[in-house]
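Asker: What follows is each chain in one-letter form.
Protein chains: 2
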Amino acid sequence: MIVMLAGGVGASKLILGFSKLLSPDQLTVIGNTGDDMELFGLRICPDLDTVLYTLCGKVNPKTGWGIRADSFRCLAALQELGGEGWFQLGDRDLATHIWRTSLLKQGYSLTQVTDRLCQAFEVNHKLLPMTDSFVPTYLVTDQGELHLQEYLVREGCRPVLKELRYSNIEQAQPAPGVADAILKAEAILLCPSNPFISIGPILAVPGIKELLVQTQAPVVAVTPIVNQRALKGPTAKMLAELDYAVSPTAIAEMYKDFLDVFVLDERDEELQQEIETFDLKVVTTNTVMTNTEEKINLARRLLEML
Amino acid sequence: MIVMLAGGVGASKLILGFSKLLSPDQLTVIGNTGDDMELFGLRICPDLDTVLYTLCGKVNPKTGWGIRADSFRCLAALQELGGEGWFQLGDRDLATHIWRTSLLKQGYSLTQVTDRLCQAFEVNHKLLPMTDSFVPTYLVTDQGELHLQEYLVREGCRPVLKELRYSNIEQAQPAPGVADAILKAEAILLCPSNPFISIGPILAVPGIKELLVQTQAPVVAVTPIVNQRALKGPTAKMLAELDYAVSPTAIAEMYKDFLDVFVLDERDEELQQEIETFDLKVVTTNTVMTNTEEKINLARRLLEML
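Protein chains in written order, with this note's numbering: chain A, 2 to 307; chain B, 2 to 307.
By construction, these hints were calculated from the structure, which means they are not laboratory data. It should be emphasised that the depicted structure is a prediction, and the values quoted were computed from it without experimental measurement.
Under the rule of at most 20 Å between Cα atoms (straight-line distance), these lysine to aspartate or glutamate pairs were calculated in the EDC-like manner: (1) Lys282/A to Glu271/A; (2) Lys106/B to Glu39/A; (3) Lys59/B to Glu81/A; (4) Lys63/A to Glu295/A; (5) Lys106/A to Glu39/B; (6) Lys59/A to Glu81/B; (7) Lys233/B to Glu151/B; (8) Lys127/B to Asp116/B; (9) Lys257/B to Glu277/B; (10) Lys106/A to Glu85/B; (11) Lys257/A to Asp269/A; (12) Lys106/B to Glu85/A; (13) Lys106/A to Glu39/A.
Bound-form chain A, shown alone (with noise of 0.2 Å):
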C-alpha cells in the first residue's frame, strides 16, 4: 500500500496516475486542510475536494480545481446581496461544501464526511484528511495576515511572504487512520506540492513528522520545483521570499530529516550530488506532466522504483 501526502492540484496529477495503476486497497491519499475556509457560513476544503474531483472525474480540466462546465448563478446572486466573489464556487460545487458543512453540523467528523463525500462521487481510492481540526494557514505578508485563499485567490499571491502560520495546529491530531496508514504502508510519497502551503501543514499535524521518522518504509518526495520554477503556485515565490534557495535542493532539506529518496527532474540532473549530500538516495526522471500519459508514466516509474 502507498500513501500520497497531497496538496491541490499539482498532487492530484500524480495521485490520477497512481489511482490508474493501483487498486483502491493499494492506494491511500492524505490530504492537506491547512487551505480550508469558512466562506458564506460553508466549509470549503479545497484540496480535498481538487483529489476528489480528479479522482472521480468531474474536475475542471482547464482549471484543474472546481467541477467540469459548472455554472456560477448562486454566486453571482451572493455578490448581489454583498457578499464577496472573488472565490469561485460553482453552483454544483456549491452542492458539496453545503452537504459538508450540513454533515459537519450533525456531528459527522470531517473524516467521515470526506468518505461519504468520497462514496457519493464513487471515488474508491481512500481519501483522508490530515486532520479533523479546522487549522487554516495564515500569512504573514507585506499587506497584513491573510488566510491562505486570500492569499492565492484574492490577492492573485502578489503580497510579499513573511511568515507562515498553521493555526489551530498545535491542538490538531491525525484524523483516524492517517497514523495507521503511514506505519502499515509500502512507501509514502510526498507530492510535488507546494512545501510551505501543502506539504508543510500536513507535517506540522503533531505527530505526522515522528510517524514518518519512525515507518520503516521508504519516504519518497517528488521535488516540486524544475529548473528554478515552480510547476505550478508561487512555490518559487515563496521560496525566493522566506530566504531560501529557489532550488530542489532547499526541498530536499526541509524534508531530509525523513526522506528516503528525492525524486529530482532531469532538467536538474546537475543538482544531484548536492542532494546526496543529506545522505539520500536521488532518482532523477522527467517529472513535469502534461496530460494524462505523462502522469501514469511517471507513478509507473516512481512504483518501479519502490
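We have chain A; now place chain B onto it with these hints.
Answerer: Leaving out everything else, chain B in the frame of chain A:
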C-alpha cells in the same frame, strides 16, 4: 400606517396591491416564520422570501414563490450526494438562504437579516418577521408528525391533519418593532392566508393576540375562503379535517375576539348576516386577485373602506 399580517403566496398578492398604493412608511408587513425550516443546514424562510421576492419583482410568476427563471443545478448536485430534492431550491434562491444562514451564524437576528435582505433586494416597504425565534410548525397527521414544509411540499398536503403544533412558541416573543407597529397602525389587516399555518403562528406568538385586542385601530381580515373553497393551498382541507365548517364564517369566528371588520367575498354574500352575529362589520367585495390590477383594486377598496 397599515400593518399586514401575512403568510406567503396568498398574502403577497394583496401586499403587492397595497405596496403600489402606499409609500414605504405607510406599510409594514409582519410575516409568518412558522413555516421556517432548516434544510441542508440552511435556514429557509419561505413566507418571508415570498413577500420579499414579490415586492422586489423577482418572484417566479408561475408559482408565486421562488425566483423567476431560476436554475436548479446545485439542488441536482445535492441530490446526487444523497440529499433530498423535494424542496425546490433554485440556484439564485439558495443565495438568499446561504446569506441568511451565514448572517445568523455571525449573530445577527432574523429581524436584522430580513432588513438587510430587504435593502439588498431594494424592497423599501418594511418587512418584519413575527419573531426572531425559530418556531417551526409541525402537523400531527395520520402519517405521523410532519414539519409544515414536509406536509405541504413533500407530501402534497395529502396526510389527514389531526392537530397543529407551533413548536417553541411559548419561549418566543414578538420581534423588535412588531408591537410598536401594531400599536401605531391606523389599521391592521389579516391577509387572505391560511388561518392555521400562516396567520395562526403569528397569533400564537405570546403577546400578539393581546396587542390586537388592545389596539384602537380597526383589525380587518380578508377571507381566504371563497365559495367554500380556498383561494390557495390546503385551507379548505384543513378546516374540514379539524372539524370546522369550510366557510368564511369559521374564519371570522376564529378571529372574533379582536376582529372589527371581516371582508367577505361577494360570491358568499348570503353569509353576511351569519358573520355579523360575531359583532363584526362585514364588507362584501370581490376578493379574488388573478392579476396585478385586481390586487391593486382590492387594496384600493380596502383603503377606501378604512
